[in-house]
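Chain by chain, the residues:
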Amino acid sequence: MIKLMIDGKTLSVPDGTTVLDAARRFHINIPTLCHHPKLTPFGGCRLCLVEIKGIPRPVTSCTTPAAEGMEVTTTSPNLESLRKTVLELILSDHPNDCMICERAGDCTLQELAYFYGIRKNRFSGERRTYSKRDGNPFIERDMEKCILCGRCVKVCDEVEGVAAIDFAYRGFKSKICPPYEKDLNCEFCGQCVAVCPTGALTGKAWKQRGRQKDVREVDTTCAYCGCGCSLTLHVQGNEVIRVTSREDTLNEGWLCVKGRFGYNFINSPERLKKPLIRKDGKLEEASWETALDYVAGRLKDVRDKYGPNAIAGLSSARCTNEENYLFQKFIRGVIGTNNVDHCARY
Amino acid sequence: MAGLATVFGSGAMTNSMPEIENNDLLFVIGSNTTETHPIIGLKMKKAFRKGAKLIVADPRKIDLVRFADLWLRQRPGTDVALLNSIMHVILREGLEDTEFINTWTDDFESFRGSLAEFTPETGERITGVPKEKIIQAALLYGNAERPGIYYTMGITQHTHGTENVYAIANLALMTGNLGKESTGVNPLRGQNNVQGATDMGCTPNMYPGYQRVDVPAVKEKFEREWNVRLSEKVGLTATEMLQAITNGSLKAMYIMGENPVLSDPDMGHTIKALKELDLLVVQDIFMTETAELADVVLPAASFAEKDGTFTNTERRVQRVRRAVNSPGEAKRDSAIIAELSRLFGYDMTYHSDEAVFREIGRLWPATAGISYRRIRKIGVQWPCPTPDHPGTQYLFKGGFPRGKGRFTAVSYRPSAEVPDNEYPYILSTGRQLFQYHTGTMTRKTSAIETVAPGPYVEMNDEDAQGLAVEDGQKVRVSSRRGSIEVSAHVSEKTLRGMVFIPFHFKEAAANVLTNPATDPVCSIPEFKVCAVKIESL
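Line by line, the protein sequences are chains A and B.
To convert, note that position 186 of the first sequence is 516 in the numbering used here; the numbers rise steadily by one, no gaps.
To convert, note that position 161 of the second sequence is 975 in the numbering used here; the numbers rise steadily by one, no gaps.
Hints are computed from structural coordinates only; laboratory data are not their basis.
All figures in this text were calculated on a predicted structure; none of them were measured in a lab.
Every residue, glycine too, gets a C-beta built ideally from N, C-alpha and C.
There's no promise every hint is true.
[What the hints assert, rightly or not] One-sided and incomplete, this derived list gives chain B residues near chain A with beta-carbon spacing under 10 Å:
1. Arg-863
2. Val-1008
3. Asp-1013
4. Tyr-1021
5. Val-1029
6. Pro-1030
7. Arg-1043
8. Ser-1077
9. Val-1095
10. Ala-1144
11. Asp-1147
12. Tyr-1250
Bound-form chain A, shown alone (with noise of 0.2 Å):
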C-alpha cells in the first residue's frame, strides 16, 4: 500500500494506482473526457491535469501512478482556469448541436459546459466539417462531435480485439475512422458507441425516438445466447427505444450486436396479436375463450381416445423459469405424461 495526500486528505490506495484512480476512490471529482476506468490510460484529453508538490507543471492524473508521501491539489484557480480553456478549445470545434443531438443530457461534454459555465466563447475560426455519412445500419458516426478522446479506439482493439478504427491523419485534420476511411464494417458491438462521451457515436434506431425525458429504464436479461447479459432497456410510451448495459453486471456493460441493436423485434408489426384457429385449411381469428375451449376440448379428446402418452409438449429455451416450470406440470401433472422436452439438446 501506497501512502499519499489529496487536497489535504491522507489515503492509502494499493501499488499501482494511478493519482486519479486514488481521488476517485475516495470521492474526489476530477473531471476528465477521455478516461474509461475499463480502458488504458490515454492522457488526451488534459482535463484531469493536477498539481504536484515538487514538480513544477501540472500533470495528467490518469497517467501519473500515485507515489508515497505524493501531495496532490486537484482544484486551483490555476487548474480550473487550464480545465476551462481546454474545454473552450473543444467546444470551439464542436456544433452546438444540443438541442437536437441524441445524446444530450447524457452527454460528458455538455456536462462540463454547464459546470464550467461555458456559453460564450474566447476561441473561434475554421471547424472540422465532414459531410460523410457510412451506410452501415447501426452506429451513427457524426464526426463534428468527435472529440478525439480515443475511447472508442482503445474499446475496439482492448475489449473487442477488432481494431476496426483508428487515428489517422495529424494535428487538425485528425479523425477517428476505418482503415481508407472506407464505411464501418466491424461487428457492430456498439462497444464504441457505450463509451463515447459524446454524440458523435450514437445507434442509428435511437434517432428521434426519445432522449432521457419521460424514459424510463427497466433492468433486464438478454433474450439470446446463453451468456446471460443484464441490459437496461428504455422504453418511452410502450416502446423500448434503446438498449443499454450497466457496467457493475456480469458483462461489464458490454454488449453483442443482437443484445444492443437487435432490439426492433419487439415492437414489429409482424407479431401475433390475437389466437388464430384453422377452419378450412386457413388459420382465422379467434377470440382467446374459443381458441382456449377449443384446444381444451381437442386434448380431451386425444387423451380420451388414445390416453396421456398420445400427447407431448415443447418447452421453451426462449421462456423463463417460472413458465418452463409451469409448461411441465401442465404437461405433467394435468394431461398426464411426461412426454415434455426443449430443444436444449440441440
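Place chain B on chain A using the hints.
Frame of chain A, contents of chain B only:
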C-alpha cells in the same frame, strides 16, 4: 448434458464466466465462441491479454484462431480420437494428477488401458492434425495450472456427442482440473434459458432439479406438492416425438416458443410428421414456419413483456422484468397455461411470478435460497440452498455429487453418414454472429437483415477451384434428404472437403439437408456431420 450428468452427477458449466480471465490456458473445442457467445469471447480475449495460452480445436478457421497459440484443425467428427491421443501423451509424459485420480475418481486403470492405442500417430491418421501439434496440445494442457475447457455444439451435435463429452470429462479428471477456480469443463449453452428449461424439468426423464421421473420417492414428492397423480413412465425426447407421430402413437402436440421446422434435422420429414398430427398447438410471438402448420396459434408475450427469471450458462439465476405491454391480445405464456389448466379443472393460478419461483425452491433445494429480492441487481448461481448461502461459483469443490468422478473409456467411431463418391463433402451447420437461431427475432430486425441478409455455404477455396465455383456464385447443395440453392462464400475458412451452412435462413434451410441420426444416450441430432454434394449452377 446427459454425458456430464453421468460422469459428475450434475450437468452444467462447472466454473463461471468471471473466472475465465484467470485461466492460464484455454482449450476451446467445437465452439465458435466470439460469434455464438460474444461476451464470453470477450472474457477469453481478456485472459489472452493477461498472458493465457489458447488452444483452439476447430475444423473452421474461426475468429478465435487469430488469438490462438495452437490451432488443431481436426476433421469433423473426430474429436474423440483427438482428445484420446492428447490424453495418451499426457500419460506418457506423466502429466496426470495421481493424487486427484486416487482421491476423487473411479475406474482409472481400465481407462488408462483404453488410451494405449491412441498414439499421436493414430491421432494424426484419424483427425488430420499433425502429431507434433497433438503433443504440443498435451504439453500445454498438461502443464497448465489453471486450464479451462470450453465447448459447445461442435462437441455435442454428433451421433457420438455423449462420447465426445466423456472424453472431455476424462481429460479434466485425469489432470485434476475440476473443483478448482478457473479450471473445469464448461459447456456454453446456446440460448438464453436453455439451462433454465433443463433445470425446470422440461425433459422427458426428469422433474425440475434433475430428479428422475422413474424414482417412486421423487414421484410421490411431486404428487404431494402438486396434488395430482403422476406417471412414472419416462416420456419421449423431441426427436422421438417426431418418430412417434410417424408410427401413429402421438396424436397431439403443444409447442411453446420453439420452431422445430427450421431447427430440427431433415426439414422435409419434420413438416410431414407435424402435418400428420390430429392437433398441433403453437404458442409464439411470430408466425413461425412451425406455427404455419398449426391448428391453433396462440399469441404470446416477448421477454420485454414479462416478469420472471432466466438462468444463464453458468447457472446464474437472473431477473427478467416487464418493460412494455404486449401488442394486441398477446398474453404471457404463464397466463395462457394457467387458463388452459383451469379448463381442465386444475387450478394453476399464482398471485405472482415469484410465487411460482418459490414453489420451485420447495421442490428443488438448489434454488431454495434464491429470492427475487436477492437477485434484484445481480444474479445468484445455483446451488444456493439457503438464504445465507452465497451461491456456487464453481462446482465440485471437495467432491462430486455422485461421490466420485467416473472415467468412461470411449473409442473413436465415425459419424453416422460419412462422405462417399456420390456425396463427397462433409456438411456442418451452425450459427453466425448477426443472426440468432431460426431468425424468429433477428430477422425481424431490419438492421441485422441488412448486414446478414441471407443464406450461404462456406467452401474451401481449393475445393471451389476444383468445382470451378467462384465466390458469390450460386450452387446447389444436396444430401440424401433434400437440396437447397445458396451462394458460395469461398475462402480458406473451412477445411478442405467440408462445407458450412448457417441454419438461420428459411429460404435455404440447412436442415433440409441434415441427418436426423441421433446420439443414442441423449438424442441430440448429428447437425455437425452429414454428407453432401455441391453442383455449380
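Outcome of the hint check:
no.	hint	verdict
1	Arg-863	7 Å, holds
2	Val-1008	4 Å, holds
3	Asp-1013	7 Å, holds
4	Tyr-1021	8 Å, holds
5	Val-1029	13 Å, violated
6	Pro-1030	14 Å, violated
7	Arg-1043	8 Å, holds
8	Ser-1077	6 Å, holds
9	Val-1095	5 Å, holds
10	Ala-1144	6 Å, holds
11	Asp-1147	4 Å, holds
12	Tyr-1250	5 Å, holds
In summary, the numbered hints that this structure violates are 5 and 6.
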